[in-house]
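With chain E's structure known, arrange chain S with the ligands on it following the hints.
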Amino acid sequence: MSTTEDTGAEVDDEVVEPDPDAVSITVNGRSVTARRGDLVIAAAERAGDYIPRFCYHPRMSSVGMCRQCLVEIDTGRGPMLQPSCMVTVSEGMVVDTESETTKRAQEGILELLLANHPLDCPVCDKGGECPLQDQAFSHGPGESRYVEEKRHYEKPIPISDLVYLDRERCILCDRCTRFADEVAGDALIHFIDRGNATQVNTFPDEPFSSYFSGNTVQICPVGALTAKPYRFKARPWDLEQVESTCTSCSVGCRISVHSSRDRLLRFQGVDDEAVNWGWLCDRGRFNFESVHADRRLAEPLIRSAEGLVPTDWSSALSITADLIRSAVDGGGPGSVAVLGGARGTNEDALAWSALADALGVESRDARLGDGLGLDLLDLPRATIADLASASTVVLMAPDLKEELPVLHLRLRDAALRSGTRVIEFTQSGSGLTRHAWRSIRHLPGTGASAVAEALADAEVAAQLASGPVVVVAGRQNLAESAEALSDRVGAVLAAAPEAGVLPVLRRGNTMGALAAGLHGPRDAADILREAAEGRIDLLILLGSDPLADFPDSRLARTALARVGRIVSLDGHLCASSEQADVVLPVAVMGEKSGTTTNLEGRVTPVSQKVTVHGTARPDWMIALDLASRLGVDLGVADLGDLTARVTADDRGVWSVPTGVEPAHFESVVGTNYDFRLVLSRRLYDAAVSTQCSPSLEGLAGGRGLSVHPSDLERIGVASGDDVKVIGPRGSVVLPPGCRTASAPTRPVRSDCSRPSPTASNSSSKRTSSPSAPIGWSSSWRRSSPSCRPS
Amino acid sequence: MSRFSAENLTLAREIVSRYPRPKSAVIPLLHLAQEQEGWISEEAMREIAELVGVTPAEVRGTGTFYEMFHFEPIGRYLLNICGTMSCALMGAGELMHAAEEELGVRAGGTTDDGLITLHGAECQAACTEAPCLQVNYRYRFRVTPDGVRQLIADLRSGALSDEIPPHGTLATVRQHIPSDRAVGAVDPDVDTAPPAWIPVTVEGASS
Ligand code: SF4
Ligand code: SF4
Ligand code: FES
Ligand code: FES
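Residue numbers (the numbering used here), protein chains in the order written: chain E, 67 to 856; chain S, 12 to 218.
Please note: incorrect hints may appear among the correct ones.
[Stated by the list, open to error] Cβ-Cβ distance ranges computed for the label pairs, FRET-style:
(1) E:N262 <-> S:D165: 31 to 41 Å
(2) E:H218 <-> S:E46: 50 to 60 Å
(3) S:S97 <-> E:G485: 50 to 60 Å
(4) E:G130 <-> S:H187: 37 to 47 Å
(5) E:L147 <-> S:D200: 49 to 59 Å
(6) E:N262 <-> S:E46: 56 to 66 Å
Hints in this document: simulated from the structure, not taken from any laboratory.
Just so you know, even glycine gets a beta-carbon here, dropped at the ideal spot from N, CA and C.
Same shape as in the complex, but just chain E (with noise of 0.2 Å):
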């Protein structure tokens, strides 16, 4: 269970002035200092009354469901009974939580909800960690004088790919259904039927398959809701925890990792005021099992005759560094070239940069063209906390719920709760699109006349004068280039001058790496283009993926078929790593210390938790020992050393070094093409990390392309059949889908929900096999090797 909920009530003793926000109350005969606004239980847990509850959860509204926080309360008119989740504190109330009235409520309730509750701890996963158990312990009657038979129900029905309810267990409490509406938007649960038989449930064959349904697992006050990959696994007393920081993604939710016996088992979200509120999103909760997965590297691996044979460490750091000396003075420092580190540490990323400096090396870059120039980097960055609280916010980014989807959560929540004004312009629309005040479709390569447009609308410049703003900003379409996002954001920044930047990035730690220098003059792209000229003697590869990752797959395959040689540290064999050198087997998140950077530029803690496998090392490590063996001197003795460069300013953010040239990215929309291209991905795609865990395998969907279907009709494609995309750097055939309604032409109201049947093209020639400008391959490929045992 989260237990923030204090959201700075403390008053200040300092403080002269009386606070008009303060209510004095009295709970169990002490006087205590409350806020208007304040439930009762939340005032009194502050003051270290604890009352006992299930459905209550700070961060969702209440709703008095189950009746076991029943108190005394008098507000002047003598003391009842009321339920203190539902009642705001009030001057001069007295409450009493320990009377004899409210003890013999909370027993009598909570033998009422034992009447059905099958009592089955021994079997089940919650039983050692169970708000039932433990308040049926510390409330309770102590024996129940129901006799009858309880209701029966099958025993857990999966209600989803990855949580299975049983709902004999279920005490109704409606924490999880309410999560699923009011939280996540996805209302796919459902209290069913009535009195006695009400049960949760979903529609039949649609499954409650929500980016965000482990929370249900852990909110869920009985053992009701279970997770897939958790059940069975362990008891509560055997796990021991450390916090840390899920690094799937750039937002850096807090986490708490379990374990036992040396494995991982699972992850629980830590109510993190400033950034994730206790929410996780699946794919950050459950892609730990990638880490004990069977293509986990366990030793250094060379090329041979043979294809790639395992070695022993020091054969492998030695043949590295000659390959790294011999083509330093052969090519000179500029035919090495490292790409990759946003998916390691911040140490991890400060040692190889610190080794790059110290042989010159200039080309490298954590991005790996789906990145975002450093010049929208350095500009004034928002924090979530910002996001959450400003008056308008404006969204130039991938749909968030793809990406990030627990700062999708928190924009939602500010949306609907805070009165935030969300101002989107999109491509193809998003999760967001229902909730924006604007939502503003234009198509791919007219960003910069439909931002023009929307603010010289009267109303809109009204709207962004009216309070603080934080633009959002990312590659919402990868087939356009960075400079135009740029532009866009400077637009916007030009009629909100006291705009902060939110940046959208995909991969943990790009932030991190690049404020440890894992950028240079030529990015990702100018290095795989000189790469594919055989002007790159080594390439470097720390932990990316060029081949699955870089937006334009053809140049990514001619490169690293080009380049002299490559040495390659990752955690899992991936594509380009099976074209490696030498492959360096390293220790992935779980296995490693040190800190990690999110996207406002917040640093936090990552922790070790079980060892590593094999004989896998972190990746600074590595470049401490390259660095001794090939003679320089980085300064550095252990990991502390390269924690204290982590330079965060005192709110605790590192930033990117400025006045570095931007990173350019060359856009592919054409205009004398049937149709435009908008590159986007989903949230659980060919990512390693996905793949490897046997949970989230099958919930990638695999690439797909998403026409209007009165498009598809106009050219004659009938269901089923495949289409040929054909743009100016080659040609995929895709199954069309239709995910979402294509954009129409005209910007529309967010009020306009339902997908408009206009067809979304310019100009469109009837062709049997449409083609669009695209030249980049769609990044949810599935092409990676299969993780399954062999």
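Structure of chain S with the ligands alone, referenced to chain E:
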């Protein structure tokens, strides 16, 4: 199976448009679906969800709360025999027995010809007229076993088809308010005035 008929779809859209929030139309649309088919199918719930912009799970959750919505195929006539205290004392058991025997189905079942569904019911608020039953929610008071048999015979012969419309029928006379005369509900998102029943008090004086 049961999508709204073209005519009902138009009506459904009109019903949705009467409310500031489309979601408010869920119950009226469930009635409409039940009127069309006699019961509410999964397809109908999906269609309603689409029409009002909620998930099918929400429609199912809302609908299944109500006793008078039926989610399984049901006969043209629904026979509800009260079995609560007064009726039980006055011989409801024999009524049920007679009905089961006559229809050849147990309580909860529907006859093979799809004509009659038999249900046991809780108190129907006609205790002074016990034992009582309802056919499509139309009362029959102080019923005897022979009366039940006669009733079933009449339902079968069609003698009552004028008096008792098929299950699900809401009304035989439909009121229609032209849109220019409809008052419409106030949009709660727009209307910020406090509810009329809360007296406005001086700031800080209320508790
Ligand atoms: S499944 Fe759990 S969270 Fe959901 S209503 Fe039941 S007890 Fe509450
Ligand atoms: S939103 Fe990002 S940081 Fe948070 S749990 Fe999901 S993947 Fe991890
Ligand atoms: S916690 Fe207050 S009613 Fe459930
Ligand atoms: S007991 Fe049958 S109507 Fe009341």
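(message) Could you work out which of the previously given hints the structure breaks and list their numbers from low to high?
(response) 2, 5 and 6
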